[in-house]
Amino acid sequence: MGKKTEKTNVMRILDRCGVGYNSYDYSFTAALSGTEVAAALGKDPACTFKTLVTQGASKAYYVFMVPVADELDLKKAARAAGEKSIAMIKSKDLLPLTGYIHGGCSPIGMKKQFRTFIHETAARFDAILFSAGKIGYQVEMPLSGLQKVVPVTPADIIV
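Residue numbers (our numbering): 37 to 195.
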């Protein structure tokens with residue numbers, strides 16, 4: 037835990053941008069869900085975020101980051117994005133669209149940058165954790181650090 041045993045593409049992008057972060061390797065655990073990952077790392081699930089990819093009624097794609105123990109509210113998400121409706125994309129469409137697989141999706145380093153929203157509670161924490169772009173790896177940094185790399189809009193987006 038906390039060792040920088042492997043650099044992911046996300047970590048290389050953060051290094052290139054000069055953004056400080058901590059990296060965590062939990063690949064040695066059986067953790068699958070976001071709450072299990074937070075527990076394996078000894079972190080608060082409220083500051084550990086999952087990255088969800090959606091498509092609006094306009095066919096535009098959006099990224100939403102929500103605490104791992106919470107659920108994205110699709111109506112609130114649509115309102116935040118200015119869409120009539122929003123739906124989760126199918127798991128099989130994630131890799132071709134983003135370059136990431138389910139369980140290892142990060143808002144940093146996607147094939148194309150989509151409008152990204154994060155639940156407003158992220159601003160309450162000194163640092164947040166999210167996927168480092170590969171299953172078994174997380175990065176931790178202040179929200180302001182993430183915003184230096186990806187334009188992220190805080191919004192009320194959970195149930």
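Read the hints as simulated data drawn from the structure, not as lab findings.
Check the hints yourself; a few may be wrong.
Within a straight-line C-alpha distance of at most 16 Å, the following computed EDC-like cross-link-like pairs (lysine to aspartate or glutamate) qualify [said to hold, decoys possible]:
| hint | residue 1 | residue 2 |
| --- | --- | --- |
| 1 | LYS148 | ASP129 |
| 2 | LYS86 | GLU156 |
| 3 | LYS111 | ASP192 |
Quiz prompt | Contradicted hints - numbers only | solution = none
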